[in-house]
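Engineer: Please model the entire structure based on the sequences and the hints provided.
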Amino acid sequence: MQQKKPTSLDAEKVIEINGLYKSFGSYHVLRGVDLDLYKRENLVVLGKSGTGKSVLIKIIVGLLTPDQGDVRVLGQHVDQISYKDLLALRLKVGFSFQNSALYDSMTVRQNLQFPLVRNQKQLTKAEVQYEVERVLDAVGLLQTINQMPSELSGGQRKRIGIARTLILKPEVMLYDEPTAGLDPITCLEINALINEVQERFHTSSIVITHDLTCAKAVGNRVAMLLDGKFERQGTFEEVFNTEDSRVKPFYEYNFIQ
Amino acid sequence: MDKKAEDPAIMQQEMKPPGKISRMFLTLYDVCQFVTRFFKEGFLPPYEGKELMRQCYDIGYRSLALISLTGFITGVVFTKQSRPSLAEFGATSWLPSLVGIALLRTLAPLLTALIAAGKVGSSIGAELGSMRVTEQIDAMEVSATNPFKFLVSTRVMASTITIPILTFYTAMVGMLGALLNVSLFEDTSARAFFQMSLESITFLDITASTVKAILFGFTIGMVGCYQGYNSSKGTEGVGKAANSAVVIGMFLIFIEEVISVQFFSLFRS
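Respectively, the protein sequence lines represent chains A and B. Residues in the first sequence are numbered from 1 upward in steps of one, following my numbering. Residues in the second sequence are numbered from 1001 upward in steps of one, following my numbering.
Treat each hint with caution, since some may be false.
Lysine-lysine pairs mimicking DSSO-like chemistry, simulated, CA-CA at most 27 angstroms apart [unchecked claim]: (1) A:K84 / B:K1050; (2) B:K1020 / A:K121; (3) A:K229 / A:K39; (4) A:K84 / B:K1040; (5) A:K169 / B:K1050.
Derived DEER-like restraints, expressed as beta-carbon distance ranges [unchecked claim]: (6) A:V117 / B:S1022: 38 to 46 angstroms; (7) B:S1200 / A:D85: 56 to 64 angstroms; (8) A:Q120 / B:N1230: 26 to 34 angstroms; (9) A:V117 / B:N1230: 23 to 31 angstroms.
So these bits of chain B aren't anywhere near chain A, every CB distance computed over 10 angstroms [stated by the list, open to error]: (10) A1126; (11) M1140; (12) T1210.
Simulated from the structure, these hints should not be mistaken for laboratory data. Positions of the beta carbon are idealized from the N, C-alpha and C atoms, including for glycine.
Structural biologist: Shown next, in the form of structure tokens:
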């Protein structure tokens, strides 16, 4: 498998996280997370279930508030800006949910139109139609335009979910477990789509996953969340070239040795 | 500086979970915030006119069959049950007035509200609850759309608008049921029946019914939306949201009925 080039650490930072803490009651999920995402980089975040990977990206888009720490997205402090500014910032940050989160009472067309007509009111009907078809074509699912989400397969739902975020032309993409629950062939297709989105739409991305094949295929850099902190960051080889008993089983399970 | 004091994880661990009374006040505070948010955001642009119309159609038109059946049967049964008591005093001619007043003042608003609490409240609670569980509400948030405005404001407004309309419709259908019963057992024409009924209804009765119906509609929409919007994760949470929307909705409707009856009786004396 072709591994991607690591990002230059001199590039502009689009996300900067310093000393981030988050607890739910007595359960301390994040304990001093420090992380940077560079421009046009795909950063893969790995970690066991329940280690706070999804919590981290939900904090980045302001769905959760941190207990302590500094989160800057495209130069703005997410937890300090007004709701209006947060909405404006969210236009630049796409979020692909683990279960796609498609609006199940709407067709694929209406799902894609929904964020567009509310955020770009100057667009005519024809322009909205063109944009919807453009992103559906980009994810290879133009033929599903009039279908309901319940009529789509898991892989198709993921693609439509990604298309719905792309329609707002985001600068940053956050993928929550993009390959979870999919067959290996569809996983490869989703990996290819993530890379295509990076190249075609010039996005910077954080990809949350357990899937090391996905991590290797899409990540310029890998960060591993261990005990609420990023203790290992770097290229795929740098992260997994270790005897650390918390890291080794990950590799051994995914690539049987 | 003491390291223990710096670490928020340790600080959180030392915080005790709130007790029952504290939780009750926290919920009350949360409800107040939810209602305040509706008044703060619901009437400001951008307006979700299409969604409001869709909700009015869903809440109003789709409840018509059930409301019609219940209203009609209530009219028939109430008239049938009232006749013997009035007959004892030779006052069966008062039946149209009695039915008219009873239906408009209490039966129609209460019946409509209780049916709507069951049908509309549970459906709003379940719909928003499942949207919360499947992260569809979060998806609206992250796509820079205000889900509160789109989901909550439209549903609360729709139920506040449609329940009063349904209330008067129930009263009308109930009167038709009563007329059927009256015309089967007495020599009263439809014209005389409606004339007697309407003559006994005052402007205050209509005002009181309208105000009550608006209040009931607002309560049904608000309770359903609050329960669904704040439902906990999992399918169990969706069921709980739907159930709580009905139970709390009905409970509040009865309380509001008692208070409003007391309030409007002040103007009758």
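Engineer: Look at each hint and say if it fits the structure.
Structural biologist: Here is how each hint holds up against the structure:
no., hint, verdict
1, A:K84 / B:K1050, "holds, 23 angstroms"
2, B:K1020 / A:K121, "violated, 47 angstroms"
3, A:K229 / A:K39, "holds, 22 angstroms"
4, A:K84 / B:K1040, "holds, 14 angstroms"
5, A:K169 / B:K1050, "holds, 26 angstroms"
6, A:V117 / B:S1022: 38 to 46 angstroms, "holds, 43 angstroms"
7, B:S1200 / A:D85: 56 to 64 angstroms, "holds, 59 angstroms"
8, A:Q120 / B:N1230: 26 to 34 angstroms, "holds, 31 angstroms"
9, A:V117 / B:N1230: 23 to 31 angstroms, "holds, 27 angstroms"
10, A1126, "holds, 13 angstroms"
11, M1140, "violated, 8 angstroms"
12, T1210, "holds, 32 angstroms"
Comparing the model with each earlier hint shows violations of hints 2, 11; every other hint is respected.
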